[in-house]
Structures are given as C-alpha cells and as structure tokens.
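> Build the full structure now, drawing on both the sequences and the hints.
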Amino acid sequence: MRERRETLKNPEHASRTFRLRAALAAIVVVLLSATLVGRLVYLQVIQHQTYVTRSENNRVRVEPLPPTRGLIYDRNGKLLAENRPTFNLTLVRERVDDLDATLELLVDLLDLPEVEVDEFRERSRQRQRPYQPALLMTDLTEIQVAKLALNRHRLPGVEVQTQLLRYYPDAEIMSHALGYVGRINAEELKQLDPGNYAGTHFIGKTGVEYFYEEQLHGRAGLRKVETNARGRVLRELGHTDPTPGADLTLTIDKDMQQLAYQLLDGRRGAIVAIAPQSGEIIAMASVPGFDTNQFVTGIDVKSYRDLQEDIDLPLFNRATRGSYPAGSTIKPFMSISGLREGVITPDTVIFDPGYYQLPNDDRRYRNWLRWGHGRVNLERALAVSNNTYFYSLAHEMGIDRIHDDLLDFGFGTRVAADVAGQGDGLLPSRDWKRARFNQAWYPGETLSVGIGQGYLQITPLQLAAATATLANRGHWVRPRLAKEIGDNPVPVNLPDTPPDIEIGNDSYWDSVFSGMQKVLSGVEGTARRTGAGLQYHMAGKSGTAQVFSLGQNEKYNAAELRERLRDHALFMAFAPVEDPQIAIAVIVENAGGGSTHAAGLARAMADAWIIDHNSGRPVDDDSAAAGDDLAARREDD
Amino acid sequence: MPMDFVRSLRGYPVRPPVGGISRRKTIWQRLHIDPWLVGLLLLLMMGGLVVLYSASGENLHMVIAQAIRFGVALLVMLVLAQFTPSALMRWAFPAYLVGILMLLAVEILGDIGMGAQRWLVIPGVVRFQPSELMKLAMPMMVAAWISRHELPPNWKVLLGCAALITIPVGLIARQPDLGTSLLVAAAAVFVILLAGLSWKFIGVMVAGAGAALPVLWMNMHDYQKQRVLTFLDPESDPLGAGWNIIQSTTAIGSGGIWGKGWLHGTQSQLEFLPERHTDFIVAVLGEEFGLIGMLVVLTLYLLIIARGMWLAGAAQDTFGRLLGGAIILTFFIYVFVNIGMVSGILPVVGVPLPLVSYGGTSSVTLMAGFGILMAVHAHRRLLPR
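Which chain is which? The protein sequence lines are A and B, in order. All you need for this note's numbering is the position in the first sequence, starting with 1, plus 678. All you need for this note's numbering is the position in the second sequence, starting with 1, plus 418.
To be clear, the hints were calculated from the coordinates, so they are not data collected in a lab. Don't take each hint at face value.
Computed footprint of chain A on chain B, listed as stretches where at least three residues anywhere in the stretch have a Cβ under 8 Å from a Cβ of chain A [to be verified]:
1. 516-523
2. 610-624
3. 669-683
4. 709-715
5. 739-749
6. 753-759
Remember, it's a predicted structure, so these values are computed and weren't measured experimentally. Positions of the beta carbon are idealized from the N, C-alpha and C atoms, including for glycine.
Now the structure itself:
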C-alpha cells in the first residue's frame, strides 16, 4: 500500500518516462521496418532479374535418390529380408490435365476392386513437393504393366517405375521377431527427416525392421536435373550417390526359429532361446504368426480385419508382450534370492504336511500334492516343485526383498537391448499395489508371488533372459537380436547392462542347478519323462500357470471355452549345466501342466542346438545316463 | 453530437459528467472500442483473406473458415475490452498461475506432435496451446508487478521480474518451442524497458545475453541447430529446410515492383512454395502484389502499431501503459520476425504473419491483446491527472 501511494505521488514522472521509452521504441520499430523494406527492395528491385530467371524457368530441380534398404540375414548368413524388384504406378499431378478422368481410366484398366479406389484417389493427393511422383500402387502384375504400356498415350503424367520392394522369404515363422516395413503414413511423415526420406516410400513398422530403421534405411542421395516447363527431365547437372542401408546379421538361427515355430504349430504360445554367454537371441517365436509380406504391399481391409479379429491373436507378439503368471518357473529365482538374502541355506529343511499356514491365520495354502512331501530341502523342493517350501521362503523374505531380488533378474523390466515393443510384465510391490488399488499388501499375497502366481506376470522374453542370467551364475549379458550391423559386430557388453547378481557363497549356484537338474533327471523330478535319455546335463523347471479370466472374448462355443480355461504350460531350462550354451523359455497357452506339455519343447530346442546343430559338445557322461535309467524305471512304476 | 463523435474518433475522452447531467456517449465509447484501430485491423484482415484465397489454391472453404475465426477473434476482443484496467490487474496473477499450471500439464501429459509437446488436449472438447495464454498473461503479470512498486523499478523488483519470466519461458523452451519462448520473454522485457529500466542495466543485460548465446547453442535440439545452420547457408540443405528459404526468396524477388498479379504467382500456384498459406504467406503476397503490395501491408501494420502506441500512452495508469505498450511492441516483433524469416534475413522459426497467415489460435490471441489494449485506454478513472 505504501509503495502504491508513492507511485501515485509522481504519476507525471512515470508517464514522462514511458513517453520517452515509447519514442525510443518507435525509432527502433522504424529502423527495423526500414531494414525489411531494404531487404524487399534488394530482392524485388535490385535482384529482381535474377529471381525472375530462377522462377520463370524454375528449371533446376533437386531429385532425391532413395538409398537401398539393408538386407537382413540370420546368424548363418541365411537371407531373412530381401529387396525384390517390382513395378509401381506413379503419377505426377502437375503433368496430368484432368486428374479425375485419368484416375477413372486407371481404375478401369487395372481392374481395381471398389474398396481400393478411394485409397487410390487419396494417395494421388498426398505427396511432398511439386513434380514429385505420387505412389498410387505397388507391385503391379505383368498384365497390368502391359495394359498401361498400351494406353500410355492416353495417360500423360502416369508412369510405371521399377522399385525394390521388401520381401520376407520366411514371413510366417519370422513375423514377430523380424517385423515388417509398410508405407509411410501421415503420422510418421511428420517425424521423419524430409530430406533423407524424400524418395523413400517404406519404413520399418515393427520388430527389427522398426528398431534398426535408421541403420537399414541409409542416407538419401540427390541429383540436380534440368527440366523443361512441363517438368520433364532434360539433363542431369550433378549428383551425390545415396549411402545404402547397412546389412544386418541377426543372432537368430533360422533353423532354430523354424523348429520353435513348428513345436508350437497349431497351438498358441511362445519360445525364446538365448545363448547365455553372448546374450544372443537364437530363437524368438510367437505362434501363431502371420504373413508379413501382406503388410509390405498394403494389406486389404478385409484380410486385416480377419487378422485383428482372429481369436488366436496372430498379430500379438506373445514372446515380447505376452504377460503370463510365472507359475513354478519362478522357484529357481526365488531360491537364489533366498540364498542371497541369507533366509535359507541349501541345507534348510522344512516339513511339508501338504499345506502352509501363516501365523495366526486358519487359511491353508496348499501344496499341489495333498498329503505333502514330508521333509524337504532346497534341491528336493525344486525337483518336486514343492509349494510349501516356497510359501515359507516367500513369507520369510517378505514382498519387499522378493521384489528387489526378482528385479535384479530383470523381471518387470525391458530386458533386451534391441527388441522393439517389449512388455513390462508385472513385478508387484507394496508401492505398486498402493498406487494401483489403493490397498495395503497382504501377507497371503506374498505367498502367491512365491510360487509365481498372484499379481506376478512375466513375459517369455523376461523368463528366457532371467534363465540366461541364472545359467551365467548371475552374470548379466543383455539379450540382443543384432549380431553385426554392417561390418561392425555388436559388442557383448552393452551400455545399461544390469549389475551382476552376487551371492556370498559360489556353491549356492550349484545347489540350485543341482535341484533344477533333478527336475529332469531325478527320481522324483517333475519332468523326468522329458529328461529320459538326455545326452548332456540340463537344468530346468516346469511351471503351470492358472488362467484366471477369459478377458473380453466371450463368443466361443463351450468346448472351446473349456480349452481356453485350461492352465498355461511353462518351462524354463538351460544346458549344458557346466558350460551353458542355451537358455530356453517355453510357454504354451492352455496346454495344461508345464512338465508334460512344455518341457518336451524345451528339450527339443536344446537337443537341436547342442547335438544336431552345433554338432558341438561330446556326449560323454555316464552319470547322466544312470540318472536317466533311474528316472525311466521310476516312470515305469 | 457529431462533434462528440469526431472527438471520440480522435480518442479524446468524453468529459466526465458535469453537474449531474451526463452527456451522451457515442456507440464506440459504450463498447469501449477504438474505431480507428478496429478499422485498421479490419482492413488488414480483409487484405489477408484476399491473399489467403490465392495462397490456399483458391480454396474458398479455407477463406470462410478463416473469416469465421476472425469473427470469433473480434468477439474475444470486444469482450476483453469491457474489463477495467484494475480488473485486468487483479486477473493478472490468476491468469499467470493458470498458464504455468497448464504448461506443467503439457510437460507431464502433453500430446506429442511434431517432436514437440505443445498442446493440451481434452479429447473431443478442445485442443489448446498454453503458451498462447502466456503470450498475454506474461506481460500482464510483469506489468502488474512493476506498477505495484515505485518507478523506475529497483533491483529487487527486477529480480522478481526475472523469476516471473524464467519459469514460463523455461517451460515453453523445454517443449521445445524456442520461437514462442523468446516471444513470451520479449513481451515481458518490453514491459520492463518501457517502465524505465536504467541504461546501465540494459547494457549489462545485452552483454549477458551475448555471453549466453554459446550456452543456448549447446542446449538446442538438433533440428533447431539445423534451422540456424540452414539459415546461414540455405544451399547446404536444398532438399530439406533450405528449400523453404530458397523458394520463398525466389517468390518474393520474382514479384518485382508491381507483382505478377493476384492468382498469377507461378512460384505459389505451382506449389513450389511450402507452407504457403501459413508461415510463408508473405511470399505469396510479395510475388503476386510486388513491392507495392508489401509496402501497403507494412504501412498498415505500422499504422496499427502507431495507433496502438498512442492508445497505450494515453492510458491513465502505469499498469495500462506498460501492458499496452508491451502488447503492441510484441505485435511488431511478430511482423518483423515473420517477414524477416520469409525474406531470408532471419532464421526460420514458426511465427505466423499476424492476421494474415491461416490459423485460429494466433489470431484469437492477437485480437485478445488488442482487446486489452482498448480496455486500458477506454476505461478512464475520473481522477484529475
């Protein structure tokens, strides 16, 4: 208030200052305006003739030279994505006299279905620059090309251009991992560097094609050409060559990928296999797949709707985005966590009456075997997949430590370095539940997480990555899909690699591995049938995940409904135990128990990689064979 | 009565009621509108629509849409002109605060378009750019703050100003929208300059700004750097950003003194010119109407600015003067930056040509500014000077 009065005391002064400043501002305004006028006079009077020449025969035109997209190979140099020469129909609007009539004639000649005509017209309108051909149609048939050639005189401005079009020889088995390219849409156009993409019509939409778009695309070149008033090129004045996109060598093994796909064929599920020591993703299959080549040329509306509405969700990448309860496959990771936190030792023994009870709680958390496994130590708990042991372990650890330790294995995170569209899964914590449901965490929920149920959700990729880290005795190598970009190998140690998991006593790893080995070759092992006749040491863990709800799909018949309410079968494994070459995660939706319905798939993958494929490891061990015999005898009982 | 009307046209105040008998007010005074300024603005708008018809490729829908926006903008102006300066002063802080909150909202959940987060979207209801609100709220706030204290402002007041400016400008720059953040900052700086900042201080600030340039450069996004580099050498990127400058200077230069005639600009009509109905509309004007057309439009702008300055100067309180002056100077900056950019003496920043370029938000903001300008002039407190 005091200051306010002071201002009012001297209004004359304030007003004078303002006028002085306003006058100064006016002078600056006039000076700047004079600058503009000066510039305009320079352009429009002094340099007028130069610009008239430049504009009147606006003849020097810069044309983009699109780069050739890099090829994609599998780890053995087998081609996964190539460029196939095709015929495209283009139109330069400036050179067409009557656009509607021309389009009419084209629709007629090419015999286009009615649904595509509108899109066709739409495309004739979108382009980036004058005298820039607009792409009307890709992949013309020979007959169409011939018809156009015959009618060429009636179609000024319409041209058939040859162009390289992406082609995927093994589209279906590679569909999710490799992804596909498609026409650049308006949304993407806004984000792109217009210079570099001036002549490019396609862009990576998903998978590797999307992730490595920049490297695969290359740099556009340009050529300056002289044209006449109608835009026809008279001669070339000079040019810069485009830099072709880098070829990409993936870590994927096409044969292994094919095997994974075949193992799941007719079912729904995912298999991810990683070479633990290098982090290389050998196979990453999501079944069912789809024909990605359809998307390159532009899929028609009906086929797309069919794909989208298919109840098997072929467009959904189960391997990277599918969220499943981990089931008992979480138990090896829980074991390591318990040993790490000092909650258990390999010798800790509990008595299992067939259920577990929280203190002061009547509710019984059941083991899958009603009458219980009796005295159980860590190895046996893993081998027979005892729930009571892990209820107890989970309870003693508490959700906070479980969360932190499982996080170290990569659960709840996007583990792979260069896989597009990874899901997070769900690693629950107190904070998460507070934020999500505004509820406190209940001790019973910790028990569920301890056996891989409850809120915990994992993706097959996460499970495979965690298995690889386990096989590496806690040493993290980020899973990756690219082996070489151009001539540059991708280094094993990538930035942002999670820190290694340290345990005080190194022999603890062996205890867990031994328990996992007994899953396949122990007398009581849950997957001992699958383990019969193993020629190397394999460590694994089965899992059976309960399906809680169906989701929005409600229109199936009863039989199908029952099928889709069945449990998901899971299996995680790595082999050989002494020198891990492959870590595998298998998920088969609604197949039933993991030991019977998923373990065999993991073994088939490991067999193929270790015995047939790598033709590597000598098959020696007698003890393995002995274990097999035991297991076989036991199963005969 | 006729005499009164003429007096009002000249902007003279109508005498306060004498002896309880109130003299009749003119319609303009009742509406609190300055007829000269409105007349000039309408002329500019009509000219703008004529150019737009050509620039849009004779698209009548676009012209009508633009005319409707002008109608809305005039309505906004009319409404804002009804506020008294003291009401505006009271509203300065709330408006400023809301602006900041919305900028924060954009920061957190803004729609990502063109690689920059600028829009606040309530789906199906409204798409709004909070930085537009800041273009007015910023000078209002600073003017309110300064006029609350003794003039010329001492260093404490200036420190307050610095804080008031830095927060929103920083937020807008982070979107990133360097052009708008500089314009918003300019509006505030004009208020301070008009308030009578000492020359010594101005010298220090200019030196400081010079020193800050390298820091700014290092913090710029790649595309922003690219624009500056392209400006320095358009030929370096003839396919990308340089294309705009090459084509727009060619359009203007080839227009000559008399121009190629309405709808006859080859550069514009053959679509060599990018964004020719929005940011680069001046190139169409220059090509089709030549130097003469450019001078006419420039003169129109200068008349608007002169009238605006006069109105601001005739305001009765410090707040009104400072705010009005800042609004009109910012208006000039728009004109200068846009024409400078299209004619190739300034780097390309996304600034439309006021009331000529196609686009709704900026017209409404500009006319809202003029509404405020009229408000501070028309509402006179009946105090002896």
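> Against each hint, give a clear statement of whether it holds in the structure.
Consistency of the hints with the structure:
1. 516-523: This one is violated; 0 residues, fewer than the three required, reach chain A with a Cβ under 8 Å.
2. 610-624: holds (count 4)
3. 669-683: holds (count 7)
4. 709-715: holds (count 3)
5. 739-749: Since 4 is at least three, the answer is holds.
6. 753-759: It holds, with 3 qualifying residues against the three required.
Hint compliance for this structure: hint 1 alone is broken.
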